[in-house]
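Q: Here are the chains, one letter per residue:
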Amino acid sequence: MSVIEVKGLKKSYGPLCAVNGLDLSIAKGEIFALLGPNGAGKTTTVEILAGFRTRDSGEVRILGFDPSHKGKAARQWRNQIGIVLQSTSDSGDLSVAETISHFSGYYSHPRNPDEVIAAVGLTEKATSLIRNLSGGQRRRLDVALGIIGNPELLFLDEPTTGFDPKARRALWALIENLRGDGTTILLTTHYLDEAEALADRVAVMNNGEIIETSTPQSLGGRATSMAQVSWLENGQTKQEKTDNPTELVRALATKFPIEIPELTVTRPSLEDIYLEMIGQTK
Amino acid sequence: MKKIPNAFSLGIRRGGLEIRQFMRQRESVVFTLLFPIILLVIFGSVFKINLTPDVTFSQYFVAGLIASALVNSGFQQLAIIIPMERDDGALKRLRGTPMPMSSYFIGKSLLVVASMAFQVLLLLAFGVIFFGLNLPTDPMKWFTFTWLIILGSACATVLGIAFSSVPKSGRGAAAVVSPVVIILQFFSGVFFVFTDLPDWMQQVATIFPLKWLTQGMRSVFLPDSFAVREVAGSWETERTLLMILVWLFVGIFISIRTFKWARD
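If you're matching them up, the sequences are chains R and H in order.
Numbering-wise (our numbering), the first sequence opens with residue 6 and increments by one.
Numbering-wise (our numbering), the second sequence opens with residue -8 and increments by one.
Calculated from the structure, these hints are not laboratory results.
The beta-carbon is built from N, C-alpha and C at its ideal position, and this holds for glycine as well.
One should not assume that every hint holds.
Claimed, not checked - With the C-beta cut set under 7 Å, the calculated list includes, among others, these residues of chain H facing chain R:
#: 1; residue: 4
#: 2; residue: 6
#: 3; residue: 81
#: 4; residue: 87
Model the full assembly from the supplied sequences, consistent with the hints where possible.
A: Below, the structure is given as structure tokens:
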């Protein structure tokens, strides 16, 4: 059974169509990335799926529950999910440890607060007040509060925006660990390398629509796309696109007895493909 | 399978957290909790007069200040804090957890009760020690005092939650809420003797609960002989109770209908 099931999801803000007929199906234990530029509709999608926004039309089932429903069943449902949204900046007159242990009291089967603090790397800051944390540390606290309830499903909306490279790596490692626990994760990001490093499957989103869903390795047909071979011949750079680069190189090898001058064989990088998909160039 | 903690026990836990958080904001502790005392010292020192041979202005003023303490700790405090929590994402984060709305409200009520109790005790102590305040001896008056405190702070709490949807942003909340409170205090006879106010002011005040809370507190702290100097010539205890209950239910109704966890 899929953990997230979405069919024909639509949402407009006035004349602006934020999500236009989105379909998604995410299996248990999967890490799924919604990848797209700012304004693509990723956050709106996550906020609808996590029960923060109403939708205009479409079917949504999260752990078998319609997030637009309220009441007791919604509490039970929220007990099973974890949500890390963008930009919280609460006044922060509580310490990290106080906050995390308080939030653990909201759930039926919380994780151990000390273990969660250690997992997000805030042990040294456990007694610091939240307002004295750096931006990256605050974000890690957000993640800690998202996982304290031991959720089956975790929403991560742009978890590493504004992180330095080291902090990003640390958070990636944490997400890898959650995968080991069998947590299903829906994350949004506009970092291609993040989707590539973490996700089992990626959906590229632009203008409220999903352009393509696949594994990071085969996104945009990368695994099978044409290679470009270039070399120097008679003082001129020659280029050829081919499905069989080995054959071409072999032919060139007989033509140039010693070394093929300035030989390169390249396939488009994931970034090239991604930028082409969302209609942007470097 | 273990169940999710119930709404009431979570509300108690939230109350503890709210109070701890509040106590750490030194500026707001000083401003909110000590402001009524500052007013008492200023007005009590300036107006050293007697309204009747056995009623000093301070005696009259303390009754109004106690009613105001309910408005400060309930209405004013919540109508300012909640928009700020809404703006900085704290409410949205709570919305994403299984903690129910009722626990959040219980927690806020406990914060109100704590700061209200602190202010009232301080006012009574200061009044008795420095301004010759006479405490009532009749148990019936203490009974009136008790229900006025309970219903009055409940009323102020729900109206504060209801009004928290009015300010457009957290930063502007104090600027919207404070004038409302101050004007209401002037109109309701906190700073001046109510019957000395112009008629139109008295009539406007009659609509709002602060006038009734103030009058109710006067019935506790002033001798019954003073009742003839009220607008109706009596304390109007039943009408006071009725008005506070009406506003309490209006506040509950509006709060439930309009409360938002996040700004759209």
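Q: Would you mind marking each hint as holding or not holding in the structure?
A: How the hints compare with the structure:
Contact between residue 4 of chain H and chain R, as hinted, is supported at the beta carbon level, the nearest pair being about 6 Å apart and thus within 7 Å. Annotation: residue 6 of chain H was flagged as interfacial toward chain R, and the flag is violated, the nearest CB pair being 12 Å apart, outside 7 Å. Proximity of residue 81 of chain H to chain R holds as hinted, the smallest CB-CB distance being about 4 Å (cut-off 7 Å). For residue 87 of chain H, the shortest C-beta to C-beta distance to chain R is roughly 4 Å, which falls under 7 Å, so the interface hint holds.
The structure fails hint 2 only (numbered hints given earlier).
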